[in-house]
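*Asks:* The lines below spell out each chain.
Number of protein chains: 2
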Amino acid sequence: MMDARTASPHPAFALDAWMSERLAQVERALQAWVTTDTPQGAVHAAPAALVEAMRYAVLDGGKRLRPLLVLAAHEAVAPDGSGAAAALRAACAVELIHAYSLVHDDMPCMDNDVLRRGKPTVHVRFGEASALLAGDALQALAFELLTPEDGSVAPEQQARLCSLLARAAGSAGMAGGQAIDLASVGHRLTEAQLREMHQLKTGALLLGSVMMGARCGQPQAAVLAALQDYGAAMGLAFQVVDDILDVTADSSTLGKTAGKDADNDKPTYVSLMGLERSQAYAQELLAQAQQALQRSALPLAQTQALAALADMVVNRAH
Amino acid sequence: MMDARTASPHPAFALDAWMSERLAQVERALQAWVTTDTPQGAVHAAPAALVEAMRYAVLDGGKRLRPLLVLAAHEAVAPDGSGAAAALRAACAVELIHAYSLVHDDMPCMDNDVLRRGKPTVHVRFGEASALLAGDALQALAFELLTPEDGSVAPEQQARLCSLLARAAGSAGMAGGQAIDLASVGHRLTEAQLREMHQLKTGALLLGSVMMGARCGQPQAAVLAALQDYGAAMGLAFQVVDDILDVTADSSTLGKTAGKDADNDKPTYVSLMGLERSQAYAQELLAQAQQALQRSALPLAQTQALAALADMVVNRAH
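Each protein sequence line maps, in turn, to chains A and B.
One gets the numbering used here by counting positions in the first sequence from 1 and adding 24 to each.
One gets the numbering used here by counting positions in the second sequence from 1 and adding 24 to each.
Only chain A is shown next, with the shape it has when bound in the complex:
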């Protein structure tokens, strides 16, 4: 785990190697934590059928961008590795929130999507009622992960992480953004309205990931403020690029149905400002994210993963 951080900043940062190690760690943790095993403090085991739907929604799929942001932000502020147990739990918790939002988003009463990550969506595979419950249970499990009873995470840390996650996921965060999205179908939004919608819908949880990772260490206020700026720019960039890919990529590359937003008459950056201006805006946001990292005044070796992830988000093909 030390290689990436202690490497010279000048040779190109080996993002692939950094990622594959952390992705394996997150995957192992999710495998272990999304389970029918009776959790500590619970009287009963979780029913197997529900957990099967939860595992289907979470495991073996997804880019795991949010967990990677949590871990990269934590490593940026805690090069000695302190708080790593909390960071891994936070990484998995944000992924559970993301996963539940996709399960509910795909349901017939929302986007009615049948394909996700190249697989049938949860409600297609398990039925609508099970999808609804699996999503609900995934949200609760996220907060279970953040509040272990084994002493591995200090109570103050648990409280802070729960606070950040609840606010990122709730009515003034992700769920709020989805509500605006829902209400905006068929309406023309201003650029400011579109930005606000995305800052809530996608941005809040991406920013929350960065902040949760950072708060697993003990960063100074100026560092925290800089990482906040990084997270905000990166969160918005993610959505702009998502909108771009919705029109430029095909379904097999995306692993989900392409062109849906346009078909559904949803406002997007591309529909609002056109493809070229959207692409320029994404690059501008990437530059803002990188400038924020410089402003943090953290050693370059510690912020390389965050920098590389932002670059990956903006320049991805799917």
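It is possible that some hints are incorrect.
Since the list gives no way to pick one copy over another, a pair counts as held whenever it fits inside one copy or between any two copies.
With a straight-line Cα cutoff of 20 Å, these simulated SDA-like cross-link-like pairs (lysine to any residue) come out [said to hold, decoys possible]:
no., residue 1, residue 2
1, K290, A73
2, K290, E152
3, K143, H342
4, K290, S302
5, K290, G151
6, K87, D40
7, K87, E173
8, K290, A273
9, K87, S295
10, K290, D104
11, K87, N339
12, K143, E76
13, K87, R141
In case anyone wonders, no lab produced these hints; they're calculated from the structure.
We have chain A; now place chain B onto it with these hints.
*Replies:* Relative to chain A, chain B alone:
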């Protein structure tokens, strides 16, 4: 607030007066906390349309049994009133979890109920997508309430309350019980299976309410164990009585559609053991709950509200 606790235990406990004071307190708190106001730490305000659906689901309705249990359990262990701010937040948080579960439960893909507390259900009033999102946001808001950033609740307390609530609501609690319920339609369950289903579906959050209230004080382990027994017996009793009322009460008394369980071929205590044995079982569970309170060795004046609530749950008419 001191009257009930300092009154002699021998005259009949004035549950109505005790309740009306606490119900007003909970109602005021929910009015204030389920709001479009920008929460502390949030960049954006919650969208008004989403919050309207959340408020519709939560305010001006419901027996508020779970909040009352939180407050009664807290008062049982903290006669000096310490921890009252945490207890009020916990009381509202469990109600938000309960409310979200009803919103999702009523949806067409689950129970497809159009009437709740004598009003159109949330999806009938606001549409399915909004009901889904409002439920999701209510769950997140529950954890927001437990993690205030104003210093009113100690971080260790916040962590403990989040832990208890997440486990009561999740796959080994309420959501798990709903999944068993879903899978059991049209199947004959044994009494043990039925009991397990209800211990998760309804019992976990009722027990969780008692434990969250108790943990807002500093009870000794033996007291906590006795309150755990009280909560478990009372939680099960609640469901047995619910099953009884489903066949003995009419819709206008219940404020929801009566006879649904039988119509839906859902296993219930009444279908399993008949009406008379179900009624005897409810009384037996009530006795167990009262015995547990005696075993707590808490002064009678401190446990009167818990005792009266258990009695109310078992002997209610709706």
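*Asks:* Indicate, hint by hint, whether the structure satisfies it.
*Replies:* Going through the hints against the structure:
When the C-alpha separation of K290 and A73 is checked against a cutoff of 20 Å, the pair qualifies only between copies, where the shortest distance is 18 Å, while the shortest distance within a copy is 35 Å. Only between protomers do K290 and E152 lie at most 20 Å apart by alpha-carbon distance; the minimum there is 18 Å, versus 24 Å within a single protomer. Taking the closest pair of Cα atoms, K143 and H342 come within 20 Å of each other only inside a single copy of the chain (16 Å); across copies the shortest separation is 45 Å, beyond that limit. Proximity of K290 to S302 under the C-alpha cut-off of 20 Å is restricted to the intra-copy arrangement: shortest distance 16 Å within a copy versus 53 Å between copies.
Taking CA atoms no more than 20 Å apart as the test, K290 paired with G151 passes between copies only; the shortest distance there is 18 Å, against 26 Å inside one copy. In the homo-oligomer, the alpha carbons of K87 and D40 lie at most 20 Å apart inside one protomer (13 Å), although the nearest pairing across protomers, at 55 Å, exceeds that limit. Taking identical chains as interchangeable, the C-alpha atoms of K87 and E173 are never at most 20 Å apart, the minima being 29 Å within one chain and 32 Å between chains. For a Cα distance limit of 20 Å, the shortest separation of K290 from A273 inside one copy, 17 Å, qualifies, whereas the shortest one across copies, 47 Å, does not.
In this homomeric assembly, K87 and S295 never come within 20 Å of each other (Cα to Cα): the closest approach is 26 Å inside a single copy and 48 Å across copies. Within a single copy, K290 and D104 get their C-alpha atoms no closer than 45 Å, and across copies no closer than 56 Å, so neither meets the 20 Å cut-off. In this homomeric assembly, K87 and N339 come within 20 Å of each other (Cα to Cα) only inside a single copy, at 14 Å, whereas the closest approach across copies is 54 Å. Within a single copy, K143 and E76 get their C-alpha atoms as close as 15 Å, which meets the 20 Å cut-off; across copies the closest is 35 Å, which misses it.
With identical chains, the CA atoms of K87 and R141 are at most 20 Å apart within one copy only, with a shortest distance of 9 Å there and 43 Å across copies.
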